[in-house]
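Trainee: Protein chains in written order, with the working numbering: chain B, 23 to 367; chain Y, 23 to 367; chain C, 23 to 367.
Hints should not be assumed to be uniformly reliable.
If chains are identical, the list can't say which one is meant, so a pair holds when it fits in one copy or spans any two.
Straight-line alpha carbon distances no greater than 20 Å define the calculated PhoX-like cross-link-like pairs of lysine-lysine that follow [as the list claims (entries may be wrong)]:
#1 Lys68 with Lys315
#2 Lys337 with Lys68
#3 Lys315 with Lys337
#4 Lys68 with Lys358
#5 Lys315 with Lys351
#6 Lys347 with Lys366
#7 Lys148 with Lys337
Since the hints were made in silico from the structure, they are not lab data.
Residue strings, one per chain:
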Amino acid sequence: MMAYRLGEIVERFGGELVGDADIRVRQVAPLSIAQAEHISFLANPKYRRQLLDTRAGAVILGTAERESTTLPRILCDNPYAYFAKVSALLNPPHVEPAGIHPTAVIDATAVVSGSASIGAFAFVGKGARVGEHAVIGAGCHLGDGVEVGEDSLLYPQVVVYQGCIIGQRAILHSGVVIGADGFGLANENGRWLKVPQIGRVVIGDDVEIGANTTVDRGALDDTVIEDGVKLDNQIQVAHNVHIGAHTAMAGCVGVAGSARIGRQCTVGGGAVILGHLEIADRVHVSAGTLITKSIRKPGEYTSVMPFSTHNDWLKNASHLRHLDKMAEKLAELERKIDELERNKP
Amino acid sequence: MMAYRLGEIVERFGGELVGDADIRVRQVAPLSIAQAEHISFLANPKYRRQLLDTRAGAVILGTAERESTTLPRILCDNPYAYFAKVSALLNPPHVEPAGIHPTAVIDATAVVSGSASIGAFAFVGKGARVGEHAVIGAGCHLGDGVEVGEDSLLYPQVVVYQGCIIGQRAILHSGVVIGADGFGLANENGRWLKVPQIGRVVIGDDVEIGANTTVDRGALDDTVIEDGVKLDNQIQVAHNVHIGAHTAMAGCVGVAGSARIGRQCTVGGGAVILGHLEIADRVHVSAGTLITKSIRKPGEYTSVMPFSTHNDWLKNASHLRHLDKMAEKLAELERKIDELERNKP
Amino acid sequence: MMAYRLGEIVERFGGELVGDADIRVRQVAPLSIAQAEHISFLANPKYRRQLLDTRAGAVILGTAERESTTLPRILCDNPYAYFAKVSALLNPPHVEPAGIHPTAVIDATAVVSGSASIGAFAFVGKGARVGEHAVIGAGCHLGDGVEVGEDSLLYPQVVVYQGCIIGQRAILHSGVVIGADGFGLANENGRWLKVPQIGRVVIGDDVEIGANTTVDRGALDDTVIEDGVKLDNQIQVAHNVHIGAHTAMAGCVGVAGSARIGRQCTVGGGAVILGHLEIADRVHVSAGTLITKSIRKPGEYTSVMPFSTHNDWLKNASHLRHLDKMAEKLAELERKIDELERNKP
């Protein structure tokens with residue numbers, strides 16, 4: 023594992039170094055377990071007292087924390103982002119050697135860059151294209167006409183249905199399914215007719231998609247994931263959804279058909295966004311929240327029931343079914359009191 | 023891509039043609055982007071004004087919309103279902119050539135129809151049966167004794183555990199797992215003993231199951247999915263669940279063990295249905311709703327907390343934990359007012 | 023299928039036999055469909071009347087049910103646990119023959135026990151280790167340095183990313199993904215920087231993980247699943263989560279990053295546990311509940327909105343957005359009534 027001098031790090035990423043520029047660090051670690059060869063960071067002032075006990079060789083701090091330690095330190099505006107860059111430097115991605123595993127099945131009409139890596143048991147369909155330095159993991163399946171951009175990384179057992187497009191520097195984790203049919207059904211006399219799903223999924227650059235997440239192809243138009251979107255695991259993105267650039271969604275989120283979500287939004291874990299609505303840029307949806315109509319203004323939105331002990335919940339929950347009566351009773355008491363007040367002696 | 027005359031379409035599917043029967047359409051498209059070679063549709067009168075601007079070559083309309091446009095039009099009772107049929111005509115399913123890919127592993131005792139297609143890296147276990155014209159996608163796994171009916175289509179990387187039965191014309195999307203063990207555990211002194219799951223999954227005809235959905239095998243009896251059921255992506259169906267014919271469930275639904283769900287129900291995205299309960303035919307469960315007990319009557323059922331800005335939510339949510347006290351206070355005020363009224367001068 | 027004498031069963035598992043020790047049973051079945059060759063059980067006294075009609079050859083009962091039937095019966099303290107053991111005896115796990123399928127790809131530096139079974143199209147990476155009698159199903163992927171303990175069973179198409187550790191007697195169902203990157207992102211000027219995820223997933227002994235469940239690798243430290251944990255299908259366990267021994271979670275649960283969950287907890291289906299919190303031992307979270315802060319005491323916790331017909335819900339739900347005003351109004355009425363009472367004639 024390579025070591026870097028603090029001086030080199032500050033040369034690359036900026037910030038102000040306080041302390042010995044020749045100290046070398048090999049790895050990142052949390053303050054609590056860091057040793058001399060580690061560089062750590064403090065992003066949240068409420069953990070400041072961990073600085074007192076840490077054995078880290080160096081720390082990355084906000085500029086306001088200059089005096090919070092005597093350790094060698096790098097002061098910067100955004101310590102967590104700085105830490106991300108240092109960690110990426112110290113933990114470069116594993117590079118797969120270029121070439122096609124002998125067990126892979128590549129259609130004769132597919133175009134695979136010479137610098138790409140295709141794993142064991144991978145399948146690349148007719149006319150599919152795999153860009154420079156892309157890695158298609160073992161057991162991945164690229165349908166006919168799929169395009170995977172340069173430097174993209176598909177972990178083992180990703181499936182991309184025919185015709186879908188994945189941009190550059192994508193990271194798709196195992197079990198991801200891109201381009202399965204959207205849930206398009208027409209009801210005729212109590213039975214469901216399938217509506218062919220003839221759109222694609224089009225994914226921009228710098229998108230990461232977590233394990234077992236699914237993104238359905240569009241019914242008529244495409245489903246679109248713009249640049250820089252980050253989706254966690256087990257998310258379901260339905261047909262014709264449009265997710266704006268640099269939006270991030272935590273695990274288990276569901277987004278229903280034709281929802282149009284803005285840029286730089288965040289969606290908390292387990293939230294559900296219903297279909298055929300629009301969400302503005304920079305909207306933040308809390309975990310577990312159900313969004314049932316369009317949101318026009320940036321801000322944070324929430325709809326969760328606070329938890330309590332089951333016994334307390336039992337006492338309170340029964341009233342939820344009678345709030346309307348409670349409101350009526352309140353209005354009636356108001357009227358009676360008004361009358362009593364008018365008749366006051 | 024084939025083109026069809028409007029006259030031919032009306033001959034096949036009925037409806038009343040207003041306009042030139044010789045106009046040809048090649049593809050379906052939404053009103054907003056359709057061109058002369060496209061046929062479009064209007065299912066919801068609230069989008070009627072899109073008819074004014076569309077460049078579609080023809081449109082499918084409800085009988086009440088006869089005068090809403092001068093375009094060539096097909097009038098019918100159920101425009102969306104009609105559209106589904108026209109789209110299926112214009113977009114026939116891709117036909118996989120019959121035959122077994124040389125990399126597939128087929129047990130010698132399996133019976134694969136000569137007209138079936140078995141993809142690369144597929145595995146077909148002992149005594150498994152694959153019906154006429156069925157397609158087993160690349161990397162699929164059929165356990166011992168599995169049966170897949172005629173004309174069924176398994177997209178790449180579907181797993182069917184041993185002994186499970188899939189009917190005719192099924193569509194199973196990538197990442198589907200049929201027949202994994204149900205969550206059967208007995209607690210003994212704080213530890214869990216596994217209860218063997220010896221039932222199967224039995225799936226009827228014309229069932230579609232979305233990407234990464236899981237249907238567990240029964241503990242003792244079978245888990246049953248009746249004809250015409252449509253399951254979207256990322257759904258979990260637990261052991262011994264019974265889903266009645268032509269019921270449809272949107273993405274991310276969870277159904278707990280031994281729930282018995284009627285026919286022609288719909289379940290909205292992210293809803294959870296608890297176990298050991300019964301739901302009548304034609305029950306509609308709203309998205310995000312938790313069903314905690316049996317439902318005996320058809321109708322729509324809901325249990326969601328409306329969302330609001332986080333600040334408004336903060337103000338209101340604290341009271342949810344004190345509804346019981348609020349109700350008590352209300353009752354007390356009622357008593358006091360009654361007393362005051364009795365003592366009125 | 024083997025048959026066992028009731029006498030043999032009691033010798034193995036204890037309990038008191040009432041009736042003929044030479045009666046043989048071949049299989050387990052529910053009371054309602056059991057025949058003479060079946061042994062059944064009654065775990066819940068509320069189904070006692072099923073004992074009257076059953077045709078089971080023998081039954082397993084709690085000691086209090088001694089007189090509830092004249093059938094041959096085994097009396098014990100925990101009939102469901104006893105039943106689990108009998109069923110495991112009558113339904114021994116399918117044993118895969120040892121050996122490596124000729125299509126599997128095993129790195130030369132991997133160490134695979136001679137008694138292990140490696141299925142078709144499986145991939146075992148550099149330096150990976152597979153223990154005695156372990157079964158790696160068809161199409162599984164073990165990354166570099168992965169360890170799978172003795173007697174563990176991976177069903178087809180499980181993916182384990184590099185460096186992750188799985189203990190003994192694990193059962194991992196199809197579609198499980200262990201060790202994908204946690205959702206670690208730092209925001210810099212509206213764009214997301216990836217934080218390398220350099221921890222592992224470490225899974226203890228006797229853990230079962232359901233189909234399509236995902237467990238992410240740690241960001242810096244490891245994600246830890248202790249001994250005897252049971253996870254159902256479609257669960258998402260985020261980075262650096264710690265799940266205590268013998269905790270069980272039902273389907274579709276989401277656990278956010280760095281949550282620390284105690285021992286012998288249960289979590290109901292569809293519940294969501296937010297990150298960076300601690301849950302004590304023996305906490306039971308109800309289905310559909312959102313846990314937003316630490317829980318220090320054992321017990322049952324709930325946060326669900328009761329469902330109702332959609333029309334009733336419409337009437338009540340509007341008030342949820344105005345509870346704060348309702349509380350204010352109530353306080354105001356209280357003041358007015360106090361005043362009226364003070365002024366009473």
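Trainee: Does each hint hold? Answer for all of them.
Mentor: Comparing the hints with the structure gives:
Taking identical chains as interchangeable, the C-alpha atoms of Lys68 and Lys315 lie at most 20 Å apart only when they sit on different chains, with a minimum of 17 Å there against 37 Å within one chain. Taking identical chains as interchangeable, the C-alpha atoms of Lys337 and Lys68 are never at most 20 Å apart, the minima being 37 Å within one chain and 26 Å between chains. In this homomeric assembly, Lys315 and Lys337 come within 20 Å of each other (Cα to Cα) only across copies, at 18 Å, whereas the closest approach inside a single copy is 31 Å. Proximity of Lys68 to Lys358 under the C-alpha cut-off of 20 Å is found in neither arrangement, the shortest distances being 52 Å within a copy and 45 Å between copies.
In this homomeric assembly, Lys315 and Lys351 never come within 20 Å of each other (Cα to Cα): the closest approach is 30 Å inside a single copy and 29 Å across copies. Taking the shortest alpha-carbon separations for Lys347 and Lys366, neither the intra-copy value of 28 Å nor the inter-copy value of 27 Å comes in at or below 20 Å. Within a single copy, Lys148 and Lys337 get their C-alpha atoms no closer than 62 Å, and across copies no closer than 56 Å, so neither meets the 20 Å cut-off.
Of the numbered hints stated above, those contradicted by the structure are hints 2, 4, 5, 6 and 7, listed in ascending order.
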